[in-house]
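Q: Residue-level listing of the chains:
There are 2 protein chains.
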Amino acid sequence: MSTFKVHILGCYAAAPGSFKNPTAQVLEMRNHLFLIDCGEGTQVALRRNKIKFSRIKHIFISHLHGDHFFGLMGVITTFSLLKRSAPLTIYGPKGIKEICLLQLKLSQGFTSYPLHFREIGAKTPTVILDDDKVTVTTIPLNHRIYANGFHFQEKPGERKLDINTCLNLEIDKAYYKKLKQGGDARLEDGTIIKNEEVTFPPEPAKSYAYCSDTAYKPEIATQITSVTAIYHESTFLESHAKLCKPTGHSTAAQAASIAKLAGAQHLILGHYSTRYRDLEMFEKEAAPIFKNVHLADDGKTFEF
Amino acid sequence: MSTFKVHILGCYAAAPGSFKNPTAQVLEMRNHLFLIDCGEGTQVALRRNKIKFSRIKHIFISHLHGDHFFGLMGVITTFSLLKRSAPLTIYGPKGIKEICLLQLKLSQGFTSYPLHFREIGAKTPTVILDDDKVTVTTIPLNHRIYANGFHFQEKPGERKLDINTCLNLEIDKAYYKKLKQGGDARLEDGTIIKNEEVTFPPEPAKSYAYCSDTAYKPEIATQITSVTAIYHESTFLESHAKLCKPTGHSTAAQAASIAKLAGAQHLILGHYSTRYRDLEMFEKEAAPIFKNVHLADDGKTFEF
Numbered sequence: 001m002s003t004f005k006v007h008i009l010g011c012y013a014a015a016p017g018s019f020k021n022p023t024a025q026v027l028e029m030r031n032h033l034f035l036i037d038c039g040e041g042t043q044v045a046l047r048r049n050k051i052k053f054s055r056i057k058h059i060f061i062s063h064l065h066g067d068h069f070f071g072l073m074g075v076i077t078t079f080s081l082l083k084r085s086a087p088l089t090i091y092g093p094k095g096i097k098e099i100c101l102l103q104l105k106l107s108q109g110f111t112s113y114p115l116h117f118r119e120i121g122a123k124t125p126t127v128i129l130d131d132d133k134v135t136v137t138t139i140p141l142n143h144r145i146y147a148n149g150f151h152f153q154e155k156p157g158e159r160k161l162d163i164n165t166c167l168n169l170e171i172d173k174a175y176y177k178k179l180k181q182g183g184d185a186r187l188e189d190g191t192i193i194k195n196e197e198v199t200f201p202p203e204p205a206k207s208y209a210y211c212s213d214t215a216y217k218p219e220i221a222t223q224i225t226s227v228t229a230i231y232h233e234s235t236f237l238e239s240h241a242k243l244c245k246p247t248g249h250s251t252a253a254q255a256a257s258i259a260k261l262a263g264a265q266h267l268i269l270g271h272y273s274t275r276y277r278d279l280e281m282f283e284k285e286a287a288p289i290f291k292n293v294h295l296a297d298d299g300k301t302f303e304f
Numbered sequence: 001m002s003t004f005k006v007h008i009l010g011c012y013a014a015a016p017g018s019f020k021n022p023t024a025q026v027l028e029m030r031n032h033l034f035l036i037d038c039g040e041g042t043q044v045a046l047r048r049n050k051i052k053f054s055r056i057k058h059i060f061i062s063h064l065h066g067d068h069f070f071g072l073m074g075v076i077t078t079f080s081l082l083k084r085s086a087p088l089t090i091y092g093p094k095g096i097k098e099i100c101l102l103q104l105k106l107s108q109g110f111t112s113y114p115l116h117f118r119e120i121g122a123k124t125p126t127v128i129l130d131d132d133k134v135t136v137t138t139i140p141l142n143h144r145i146y147a148n149g150f151h152f153q154e155k156p157g158e159r160k161l162d163i164n165t166c167l168n169l170e171i172d173k174a175y176y177k178k179l180k181q182g183g184d185a186r187l188e189d190g191t192i193i194k195n196e197e198v199t200f201p202p203e204p205a206k207s208y209a210y211c212s213d214t215a216y217k218p219e220i221a222t223q224i225t226s227v228t229a230i231y232h233e234s235t236f237l238e239s240h241a242k243l244c245k246p247t248g249h250s251t252a253a254q255a256a257s258i259a260k261l262a263g264a265q266h267l268i269l270g271h272y273s274t275r276y277r278d279l280e281m282f283e284k285e286a287a288p289i290f291k292n293v294h295l296a297d298d299g300k301t302f303e304f
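Residue numbers (our numbering), protein chains in the order written: chain E, 1 to 304; chain W, 1 to 304.
Isolated chain E (complex conformation) (with noise of 0.2 Å):
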């Protein structure tokens, strides 16, 4: 059974403290490890987490918020003392190129490998990212500047063989490929076989929606329908709700109703304010609207 796994780097809003990281996290999905968001102290907590670099070629910036991507510039020279050689793109809003090529100009550094940038600037979801594994969508967030969310797609994969029944019926091995991408056989004697009669359906294919630094917007619930698992940022409780307005955040309870409007599977909360001492009053919060509600934290390694 196919499984995708958020690993937390982070989840806390604003100033980093000793021990809350600003955001970051990793998603690892279809053998593709991709790096959501990036805040100061991220190539740290990429080493404290044991993800490996090389593995990363893609990094996806939400908005120009410092939580969000103060640590890019670190991840991007530090990649290069690595002396990594595969390319490496950035994709976020309009304006994340010039800032990255501004220092490193400054610096009159290089970095030692492909460095592309895929800018945004659109108020629609656009698909960003389309290979034969997954495909990512942006999903456009409603915050004090401009944001977006990620919707991560798997593709469904081939069928599966059933190995033994086609050993018995002795079909061509040069039909394997075409019975997993659900093609029929034909044996020697003519006969045709049927694609389900020996195969097996494909795994359902998941999905992952990132979405931070939001107030709380129902139409990101119609566009990831049937989600798998969607980060929701809870930034306040109930009784800071008068503070989501004009900072462009959501409580806990508006992200459950977004999971519940989306039929999702799973909630993940996430970056909360740092004036709360325990997140358990987030769980507590969610839960009567939204069941399958879990809790972000630093070093959390989630598996869907």
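These are computed hints drawn from the structure, not numbers from a lab. The model shown is predicted, which means the values in this text are computed figures rather than measured ones. Among the hints, a few may not be true.
[What the hints assert, rightly or not] Only some residues are given here: those of chain W computed to face chain E with a beta carbon under 10 Å:
no., residue
1, 14
2, 47
3, 48
4, 69
5, 74
6, 81
7, 85
8, 94
9, 121
10, 140
11, 295
12, 299
13, 301
[Claimed, not checked] Computed list of lysine-lysine pairs in BS3-like fashion (alpha-carbon distance at most 25 Å, straight line):
no., chain 1, residue 1, chain 2, residue 2
14, W, 50, E, 105
15, E, 133, E, 105
16, E, 105, W, 177
17, E, 83, W, 20
18, W, 52, E, 20
19, E, 97, W, 123
20, W, 50, E, 20
21, W, 133, W, 105
22, E, 97, W, 97
23, W, 217, W, 194
24, E, 57, E, 83
25, W, 105, E, 105
26, E, 83, W, 194
27, E, 5, E, 291
28, W, 180, E, 242
29, E, 173, E, 206
30, W, 155, E, 245
31, W, 105, E, 97
Note that the Cβ used here is the ideal one computed from N, Cα and C, for glycine as well.
Assemble chain W onto chain E, guided by the hints.
A: Leaving out everything else, chain W in the frame of chain E:
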């Protein structure tokens, strides 16, 4: 006896490790708290070292390599989150203002306090700060890119009153300020009391030189003659001396030579390459040349 303190927040070269911070230190001198360089994670290191953020009014950046300034934007924005009102001045190479303002602009952010920049481009020693307590002068270094160290010199203090003698001679208190500043006093009967009869000399003014990053450059020593303490980078041990030239760095022995040439009282070594497992060898290679050698390490405080 007045002393100054150097708090080492980070003293390792290049990419930060889990427990090895890039360069940053705080100089506590005559009631000033100067932040010198600001590698990634400096704001967290400030917290861990219990340095009061609000007392930092001046930040000095030696050069624009990431391990010396990638923590600067985090400090600038966190100061705002803390609703700071006191002005902050950043001293650093040309370009640093553009880097900071671009990121503030793109985050549609502003600081809650006046933020000033003093960009440096001169290739000769230049006074960049001069108040009634301290003078700060650049120390041109020899690195791969434009870099300056900083020479912090205390102003000579006031003479100290010999209060018992003053009282015995019934000197009018109106003369006390004048006496502290080196003037004489006059008794009611017209007798002149010479300054030396009723005052003690001021405490000797001390000084601190921060020199990182740089290749061996004897001119540094000439500029900082008789410095109380010098922090001089020692990226490499003798076994890697051949790397000094291409990288623009020094060995521990070269750092010791500079301290000796300068007639310094103390030498602090730092900016160690992370290739070395322990630091003892740095002391071993420096001590035969300069006796009073100290090893910087993250979290250490020196008092002189």
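Q: Against each hint, give a clear statement of whether it holds in the structure.
A: Right, here's what the structure says about each hint:
no.: 1; hint: 14; verdict: holds (6 Å)
no.: 2; hint: 47; verdict: holds (5 Å)
no.: 3; hint: 48; verdict: holds (5 Å)
no.: 4; hint: 69; verdict: holds (9 Å)
no.: 5; hint: 74; verdict: holds (5 Å)
no.: 6; hint: 81; verdict: holds (5 Å)
no.: 7; hint: 85; verdict: violated (17 Å)
no.: 8; hint: 94; verdict: holds (8 Å)
no.: 9; hint: 121; verdict: violated (13 Å)
no.: 10; hint: 140; verdict: violated (17 Å)
no.: 11; hint: 295; verdict: violated (22 Å)
no.: 12; hint: 299; verdict: violated (12 Å)
no.: 13; hint: 301; verdict: violated (18 Å)
no.: 14; hint: W:50 <-> E:105; verdict: violated (35 Å)
no.: 15; hint: E:133 <-> E:105; verdict: violated (35 Å)
no.: 16; hint: E:105 <-> W:177; verdict: violated (54 Å)
no.: 17; hint: E:83 <-> W:20; verdict: holds (20 Å)
no.: 18; hint: W:52 <-> E:20; verdict: holds (19 Å)
no.: 19; hint: E:97 <-> W:123; verdict: violated (31 Å)
no.: 20; hint: W:50 <-> E:20; verdict: holds (16 Å)
no.: 21; hint: W:133 <-> W:105; verdict: violated (35 Å)
no.: 22; hint: E:97 <-> W:97; verdict: holds (18 Å)
no.: 23; hint: W:217 <-> W:194; verdict: violated (46 Å)
no.: 24; hint: E:57 <-> E:83; verdict: holds (14 Å)
no.: 25; hint: W:105 <-> E:105; verdict: holds (19 Å)
no.: 26; hint: E:83 <-> W:194; verdict: violated (70 Å)
no.: 27; hint: E:5 <-> E:291; verdict: holds (20 Å)
no.: 28; hint: W:180 <-> E:242; verdict: violated (58 Å)
no.: 29; hint: E:173 <-> E:206; verdict: violated (30 Å)
no.: 30; hint: W:155 <-> E:245; verdict: violated (52 Å)
no.: 31; hint: W:105 <-> E:97; verdict: holds (14 Å)
In this structure, the earlier hints numbered 7, 9, 10, 11, 12, 13, 14, 15, 16, 19, 21, 23, 26, 28, 29 and 30 are contradicted, and the remaining ones agree with it.
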